[in-house]
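Student: Read top to bottom, the protein sequences are chains L and P. Under this note's numbering, the residue at position 32 of the first sequence is numbered 32, and the numbers go up by one with no gaps. Under this note's numbering, the residue at position 63 of the second sequence is numbered 63, and the numbers go up by one with no gaps.
Keep in mind that the hints were calculated from the coordinates and are not lab data. Be a bit skeptical, because a hint or two may be false.
[What the hints assert, rightly or not] A partial selection of chain P residues facing chain L, derived with a Cβ cut-off under 10 Å: (1) L71; (2) Y75; (3) V76; (4) R92; (5) V147.
Quantities reported herein were computed from a predicted structural model and do not represent experimental measurements. The beta carbon of each residue, even a glycine, is placed where N, CA and C say it ideally should be.
Now for the letters of each chain:
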Amino acid sequence: MLDDFFIRALLAGVGVALVAGPLGCFIVWRRLAYFGDTLSHSALLGVVLAFLLQINITLAVFGVCAAVALSVLALQRNASLSSDSLLGMLAHSSLALGLVALAFMSSVRVDLMGFLFGDILAVSRLDLAIIYIGGGIVIAVLVFVWRALFAATVNYDLAEAEGLRPDRANIVFMLLMAVVIAISMKIVGVLLITALLIIPAATARQLARGPEQMALIAAVLGVIAVVAGLFGSLEWDTPSGPSIVVAAATLFVLVLLPVALIARRRLASEGSAGR
Amino acid sequence: MLDRSADLVILENAGLNRGGDWLVRGVDLAVRRGEIVTLIGPNGAGKSTTAKIALGLLAPDEGSATRAPGLSVGYVPQKLSIDWTLPLTVARFMGLTSRVSGTEIAAALDLVGIAPLIDSEVRHLSGGEFQRALLARAIARKPDLLVLDEPVQGVDFSGEIALYELISNIRTELGCGILMISHDLHVVMASTDSVVCLNGHVCCQGTPHAVAESSEYRELFGGRAASALAVYEHAHDHTHLPDGTVRHADGSVTEYCHPDDGHHHEDEHEPQRGEADHA
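Here chain L stands alone, though its shape is the one from the complex (with noise of 0.2 Å):
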């Protein structure tokens, strides 16, 4: 039947999955697709500093995610550049980094491509602990400041004229994005994270009514693309993140053709019953 490994790489695929897709909603919403990556990106240089500090993996990432998230927050609020170059700066700026440190690191041999496209075999059982655990904690904080954080990305001013302190809401909203680029990076990999993120939360917007829906939608959706995406890689020896991201890709296109058709017919319909 199915080895250790496996059941591993599935119950961590489905955690991962499950907090990514709520979050992913609010990437979604606040146009943030492109935050994602900056903050995927400069995971790599995470990783390196885990090897030169000798620490946790997932903690480093996630050190490194925090701090790039908020200085995101920081220079936006301070510098003339628009926030796209900005980030595309520290995205590729921090990526570059991570791999020239990489370079310089000739004592440890490291797997790139298990970094960059995520590893099956490398999810230990501290690996999901950490997942879990951490994401237990993202949720919990995430429907804790849920009204708010929704709240502000409908409206800024609007949250914090009525008391909501949107200031606030939106730094945790930082750390819990860098929580969960660090650990779903050893799932999906530094360059498929963002599709983790985005793909499940947009199918589920053709099918939701609300925003509350739409998260728990987007968090199923992304469950069913690590399971399909997994026994896929399984079966067919491919990398274990792409497969996910084309899993979640297909979800998407399943779900948006019929709710396409199904438009055309009730306007087919309606226009019919009109005459």
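Using the hints, position chain P against chain L.
Tutor: Then chain P, alone, in the frame of chain L:
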């Protein structure tokens, strides 16, 4: 003087400077429970800025803005766009910043006349319907202070009158204070306790009655002068030039139009200011 215990928000000599230019300066106003204060003035007069200072969204660079402790606020911003990526029904929108019960939601929507739209997606509402939804949302929270920045923009004519009537009734029902920005001067004059006319600073303020008694007002509202633009002409004996300087009626040009600058209508309106204090 001012009865401080009933004051919900007080601005004292408040001013906001951005990049060396004063957006507003020297604003004194107070909103009390059960009172409607309306800000009028031409475009760029600093009405929205003043409202944001009162809300605490902008910290004044000069003077002070004081809000009663624990003040609950309902805010209708001048602009609010709902991104199409947001799945948001009117019902969910009503509970955006605080938990509101189903009956309260239905009641508020009924008040503004869009009860049937409760399950509609917010982004599918028309401009006027959305404006009603914004007002309903602010009311449903039963706030101490309502800040309404052009609350009836895009609402059809008969709806406009009904909404102003509603705003006036809410003040009595909830006992809240209302700070409103409006361009609709007839309604403002009919349902407002105090009018503040801004033009980069407070150029005149008082009860509508006091303002109506003044010769300028009669000049304005006699005959065809009831048009909204006319009232702006009355008090503005100065023009804000594109470079940020101000040309006064006597032809002199100054850097800012602070009350201390040499222009005249301040003195003429002084008695009305006194009247506003014990309104």
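Student: For every hint, state whether the structure bears it out.
Tutor: Against the structure, the hints:
1. L71: At 8 Å from the nearest chain L Cβ, L71(P) passes the 10 Å test, so the hint holds.
2. Y75: Nearest chain L Cβ about 4 Å off; hint holds.
3. V76: Hint on V76(P): holds, closest Cβ of chain L at ~9 Å, below 10 Å.
4. R92: Holds, because the Cβ-Cβ distance from R92(P) to chain L comes to roughly 5 Å (cut-off 10 Å).
5. V147: Where the cut-off is 10 Å and the nearest Cβ of chain L is about 7 Å from V147(P), the hint holds.
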